[in-house]
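Residue numbers (this note's numbering), protein chains in the order written: chain A, -6 to 452; chain B, -6 to 452; chain C, -6 to 452; chain D, -6 to 452.
Keep in mind the hints are simulated off the structure, nothing from the lab.
Be careful, since some hints might not be right.
Intra- or inter-copy, both count: the list cannot distinguish identical chains.
What the hints assert, rightly or not - Taking lysine to aspartate or glutamate pairs in the EDC-like style, the calculated list, with each CA pair at most 20 Å apart, reads: (1) K177 x D432; (2) K132 x E(-2); (3) K174 x D59; (4) K123 x D373; (5) K132 x D52; (6) K132 x D447; (7) K174 x D135; (8) K22 x E99; (9) K123 x D389.
Model, not experiment: these values are computed from the prediction.
What follows is each chain in one-letter form.
There are 4 protein chains.
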Amino acid sequence: MLTGERYRESLRDGRVVILDGRRVDDVTKAPELAGAIDWVADTYDRYVSTPSGAHPMYDIPASVGDLRRRIEVLLDCDMTASLSAAVLALASSRSPLSAADTRYGERIDVFIEECRRNDWRVAEAITDAKGDRMLPPSKQHDPDAYLRVVERRPEGIVVRGCKMHITAAPLVHEIVVLPTKQMKRGEEDYAVAFAVPANTPGLTTVAVTTAPRQRDERDFPVSRHHAVPDGTLLFDDVFVPNERVFLAGEVEHSSTLAHALGTWERTSSIAGSAREADLLVGLAQLVAESNGIERVPHIRDKIAELIIYATMVRAGVEAALNAAYGEGDDLRPDELFTNVTKCFASMHYHSMLRNLQDIAGGLVLTAPSHADLDDEEIGDQLRRYLQASPSMSGTDRLRIFHAVRDLTADALGGWHMVAKIMSGGGMYAQKMVARNHFDMAAARRSAAQAIGLDLPTRP
Amino acid sequence: MLTGERYRESLRDGRVVILDGRRVDDVTKAPELAGAIDWVADTYDRYVSTPSGAHPMYDIPASVGDLRRRIEVLLDCDMTASLSAAVLALASSRSPLSAADTRYGERIDVFIEECRRNDWRVAEAITDAKGDRMLPPSKQHDPDAYLRVVERRPEGIVVRGCKMHITAAPLVHEIVVLPTKQMKRGEEDYAVAFAVPANTPGLTTVAVTTAPRQRDERDFPVSRHHAVPDGTLLFDDVFVPNERVFLAGEVEHSSTLAHALGTWERTSSIAGSAREADLLVGLAQLVAESNGIERVPHIRDKIAELIIYATMVRAGVEAALNAAYGEGDDLRPDELFTNVTKCFASMHYHSMLRNLQDIAGGLVLTAPSHADLDDEEIGDQLRRYLQASPSMSGTDRLRIFHAVRDLTADALGGWHMVAKIMSGGGMYAQKMVARNHFDMAAARRSAAQAIGLDLPTRP
Amino acid sequence: MLTGERYRESLRDGRVVILDGRRVDDVTKAPELAGAIDWVADTYDRYVSTPSGAHPMYDIPASVGDLRRRIEVLLDCDMTASLSAAVLALASSRSPLSAADTRYGERIDVFIEECRRNDWRVAEAITDAKGDRMLPPSKQHDPDAYLRVVERRPEGIVVRGCKMHITAAPLVHEIVVLPTKQMKRGEEDYAVAFAVPANTPGLTTVAVTTAPRQRDERDFPVSRHHAVPDGTLLFDDVFVPNERVFLAGEVEHSSTLAHALGTWERTSSIAGSAREADLLVGLAQLVAESNGIERVPHIRDKIAELIIYATMVRAGVEAALNAAYGEGDDLRPDELFTNVTKCFASMHYHSMLRNLQDIAGGLVLTAPSHADLDDEEIGDQLRRYLQASPSMSGTDRLRIFHAVRDLTADALGGWHMVAKIMSGGGMYAQKMVARNHFDMAAARRSAAQAIGLDLPTRP
Amino acid sequence: MLTGERYRESLRDGRVVILDGRRVDDVTKAPELAGAIDWVADTYDRYVSTPSGAHPMYDIPASVGDLRRRIEVLLDCDMTASLSAAVLALASSRSPLSAADTRYGERIDVFIEECRRNDWRVAEAITDAKGDRMLPPSKQHDPDAYLRVVERRPEGIVVRGCKMHITAAPLVHEIVVLPTKQMKRGEEDYAVAFAVPANTPGLTTVAVTTAPRQRDERDFPVSRHHAVPDGTLLFDDVFVPNERVFLAGEVEHSSTLAHALGTWERTSSIAGSAREADLLVGLAQLVAESNGIERVPHIRDKIAELIIYATMVRAGVEAALNAAYGEGDDLRPDELFTNVTKCFASMHYHSMLRNLQDIAGGLVLTAPSHADLDDEEIGDQLRRYLQASPSMSGTDRLRIFHAVRDLTADALGGWHMVAKIMSGGGMYAQKMVARNHFDMAAARRSAAQAIGLDLPTRP
């Protein structure tokens, strides 16, 4: 198992990373990535010795209790959470893919074991560039709009294309690439899944991050530690050896991996949403206290609405875990509860920010910086004027307002808003899944019974 | 155990019931109450022989499994569900009330056993007339605005006052009366709980019901069977023997029963809401199919919103049951999840009706009656013009529209809307309970930690 | 001009009306229609002498001031409001239809003048039975699913079909029939518009109404006066003389009338919504006062939300009128504001009912009847217990609760809910119109400019 | 009248501005303020010659037409809009303040004339530090929690305190200071209104801004030009000569100015909201086009919701202007419509951002930077993969996504979210004003009439 220090070393592997138009020679030296790397490093150090001899994110859950423990670990490791979803998705896709070709299953076993033994972090790469959204992969003007096999050699395949929205891309060891959707006959070259190391030749990671730049980090109490870098991956004729190819042409299996991944992604997403919603409640309470208005009826009402949101999201998570289905390694959280909760959490998140901001007030925007408080001439005045309650200093109140801005009304706040919607696909995707998993036959039957109607044939 | 038939007989006990200004000599003969009595009678017949020798609603749950079974029974018996909440509330209040006076506990045991043995249905009576809402009971202009003890005799007490919103009042055997809120010193006469038979002298039940009146019952496919009568109870110096007095002056225990009852009431309420929400989904699907538009995108989207609502309510119920707390007979569903789910279900119910009505269209209002279809001259024309899809006859389509009207846009529909809000207290009450049960200390702590703030003292 | 009395006489004209499966020989004698007929009669009596010598609903507006006066008249005449939309629609369609055939324009002039002189009330008949919604009129299994010309004779046409959702159908003198949508080549027989008297041979009106039936009318303080009857019209080979045919085959003009009507219908609808929203505010205030809780913060907040809704709807009406366009008799309220306001008012109406019901409480459902208060033995008790504030008697409080139930949670309440959505077409229809009328070109242009982008060609 | 160039010069006046803890010697040289100064300078250049010989923002509106022209100017000058509200507020407060002391009115006249002649921009300073929100100014632990007169001299007054949330503070010539609320007897020192130049001794402006810092400005297409700096003003014993004192002790007039200002502020706010809402619609359309999905039903529906929001806000603005009241210079937009529209626009803004972000997708977060596109090796690839529609280049699509992020999900986006709520006071403030201005007497009366109730006395 790696320590934080050895993790840092492992990132100096010649990978090609571009950030803001500049080539980053050593990601561990890039100030914009430092917070995120510290964050991941910490999740190594804290789990450096475990009973299983591996990081607990590699424990495949086989019971509801395991699932709950897993969620705890994911939340504790936060962003890293998403870095094991690909492994779980591979694990649950092992059987169906073996049905296509027994070698796929064997390679998956080997890959998972290597990840586990080397304590790797793994990014999932699904979304293609997609070109014209109204056309399938094979009908695109640009044949590379979806990542595809451009050459098949005896010892492996060569792939070309672009994968977008890759969380933590510059910070991982391996990239697992999956088809973004069900492919059809004639689209065999697009039905391709594989793993490559982050430093493989031909692969370029174009990174972005909401980490705060030159400004005083004290004004960014959350994002200085917890900004997630994202990446766009360019596969410019990348060679993948056979041992790492998990699918290459069997169109009928092309959505297996994405489907399996979706469940795990949305599970992480809703568990994170539940925690984040509690955080909004706590922050709303703190900011109300810092304003000395926590007992004002309309403030209490807004906090109550936040509590209702947070508790409903938590109820959704609990229901999804308790209704987990599948046997042994195939155990998965309930898909209806998972998708509906994901959609619900997205749908109301922005209104909840409105509540928090409404409780906080204009100081979210106009709070002086921490450096202003350091000023010899005006520091004292500012601190004095910022104090609103005897139980909290002006400095602490200032910190709370910067936190509200950082988390809800600045770069990281924007990231959370959009990520809340888009993680695991937008709300429309979850509505579709919800429709598919809802037991409509039962609902129709009981509605027909309730109104004394012979159940009509479904049209 | 009673059969349906013996239940009917038992209601002919001289009780004083007034409906629409008329005295009802025999409730089983009142056409407005017939549907509801059939409904209760059926819940006797269906459970006439059980392993325990008692109706399962008398099985006190001692595990999450028991709770689930109980919910099943309640849903199966529907309205009757609320008729056992008082018994559960008494059971869980037994210990605290015994602390006040050991005789209270003993009387509760005896009463519950008699209810069980006689297979009685029991109404709960909490809400007082309340007079001026800004004043406590003891400061009211009218001292009877809250029900109170007007005389204490060696063998019992005499009470006077009014209890409102009594579900199923004219159909039960016993009335359990509780104080509506915490009483204070000086309000001993208002801290009174007891049980009386429905036919006790001095008690009058003023009944109301949404049962359809003279119109063709086919146009009321749901309310003809499932309209719940409510009642206002007038206690005009009613004598209660000591054996049925469970509290009479100990103000410090005055809210124990209401609190215990609240949890069970809201549990029934949310379980009912979950089922009802599924019913709305099913009905929306049926009505969309009957219109032949179930594949139109905006219709699918509205149904998806109904699915999300229904599934979130169900998640809330699941979470409340799984997080049940307390030992043995004291087991109770989690109060945070229960109250939040209750509030959530109320908050969005009306919008969900809007979705259903928007899917259905104007025929909800303008559908001809079933009797119109019987007309020799125009019946055929109407049936023909009402048909919108080869898979459903015009008559069936008509029935669906009448059901939508009956359930959402007529007397029973109105009852559901208001009952959805008010059962277990309005949304404000649930917000208060939610605030009290939400772990704000933890939320504050984790918010402070997330933003790097030393946890401020709570003001 | 007619008086109320002569209006009543004019309804005894042999028309064929069926209600609840029974033939109504004389609509003025049917108790279910009495309230509505009184209502219309009253709008005759109140306007029996006017400067123009005609009912003001026949004054074609030619300025914003006229429009405002017209709205006042419509609101004053309420339901009758809709009874002149058809005339306005004919007036504004005069020119385009004359373009098709000059005789159409002449006949329209004659018809309007006769309506005006005879002081007729006119129903508009648009919506067809429609059969399979996924198919056009000419492809239906049943060729009569849309009303059509089945025979063309020298002196006129013969039509067959069904028109649904006809407001006030049994109470009017004339029916104006329009095509429900744009017809295509090959659908000439469906491109038909005409007027017929309500008693024309072959026409049957199947009426429905939310008027309260046998119960005490005091418990229905609104619906006893203001329930609107609706009707389904069956045209069983009805002959229409040429003088009353306004379109018969010119498919390219088939949507002209429906389009013109839509604007006027939605204008009436939003004006009515604005008034109704104010009524909800007033009722919420009254019910809060009757409960003595009008100063409680969360109650005030709910009333404020009602005020915001009411004022935004009113703003929409004001904006639509002030932005009226067109010259002289062709003046029409702005379509964007009209449609958006209609959609907005529908979208939030149900939530506003929730607010009102939440303020009111359970007594909406469980209020004793007025007849109960007449009871010698318990009347006094009930009145006493119903009183919650020294400034309002128990009887008045009871009346308010019955009004809330009648208006929001009973048959008329259901009618309002669905009519609020469906009048002028459902919300989807208004969204489409809103999209069409919104100046997207300007919005795109200014967005492109704001972000420094050369305006892209619209794809 | 000033040109942009002379405006810049005028800012080099020795004012004390602190930004991020550093003293800014010359605001025109601070890169963080450059965009905003350019913006203001441009509003000088564009209006350098006008018929009235003064900037049109100094034209006091005396008719609805004037109001509309004024709104046009304000929108054209944008941020600068708020810089004339103080002047209008002074103008409309002239009469009432003269009643207190005729000199106040004369000084106001002189001040307005000087502002006009010198073409000054003027900031309004209202909100005090406020200390403990539950206590009035005179009961605060810190007597300076509200700005106050600390010394009265023959030639003027000396003031101390802090004013927060001062839009554009570092960019204006004059500061107009008003009491934040109604003061009571004993709080004479807090009932103080005056004007001071931005460079007056003892005044320090602590500035903040959402202007983008070191990153490539192309990635911030809006904020690089349109970030508004805000400021906190510290009055450390500032001397104000009598000629600029407009109130100093007359507590009964203390809320006159704030009230007058509120209306003008909220008018600017809603006019800006209407324009911004149209911008969101346009941006949503552009981003949908750039994704090639503008015809997908659920996308169209989300855009329709944006259109409804934008149009309702616009309707509110139109209604407020058309219902303007008051004579001549005292003309003001209707307060009910203004406040309600302000509250409505705030309430739903966050949900509208959700719609836009949901339409856009994850690229809002993960879009490569413009500098990445400059890269010789990968620029072409990125451009190719970013293209989704033949009618828009990858570079243009990238710009749109950066604009969506900049405007809704980054520092400026956060500023807009919070400013949308807080401008003119939070939503609670507007609800209060709305309640006060809504004609509740009429609503109660018509509700009572509708339900046949004698109008109850208001309790």
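Hint by hint, here is what the structure shows:
1. For the identical chains of this complex, K177 and D432 are neighbours neither inside a copy (28 Å) nor across copies (41 Å), given an alpha-carbon limit of 20 Å.
2. Within a single copy, K132 and E(-2) get their C-alpha atoms no closer than 48 Å, and across copies no closer than 56 Å, so neither meets the 20 Å cut-off.
3. Taking the closest pair of Cα atoms, K174 and D59 never come within 20 Å of each other, the shortest separation being 29 Å inside a single copy and 44 Å across copies.
4. For the identical chains of this complex, K123 and D373 are inter-copy neighbours only, at 16 Å across copies versus 56 Å inside a copy, given an alpha-carbon limit of 20 Å.
5. Taking CA atoms no more than 20 Å apart as the test, K132 paired with D52 passes in neither setting, with 41 Å inside one copy and 61 Å between copies.
6. In this assembly of identical chains, the alpha carbons of K132 and D447 never lie at most 20 Å apart, being 46 Å within a copy and 29 Å across copies at closest.
7. In this assembly of identical chains, the alpha carbons of K174 and D135 lie at most 20 Å apart only when taken from the same copy (18 Å versus 42 Å across copies).
8. Taking identical chains as interchangeable, the C-alpha atoms of K22 and E99 are never at most 20 Å apart, the minima being 38 Å within one chain and 65 Å between chains.
9. For the identical chains of this complex, K123 and D389 are inter-copy neighbours only, at 17 Å across copies versus 47 Å inside a copy, given an alpha-carbon limit of 20 Å.
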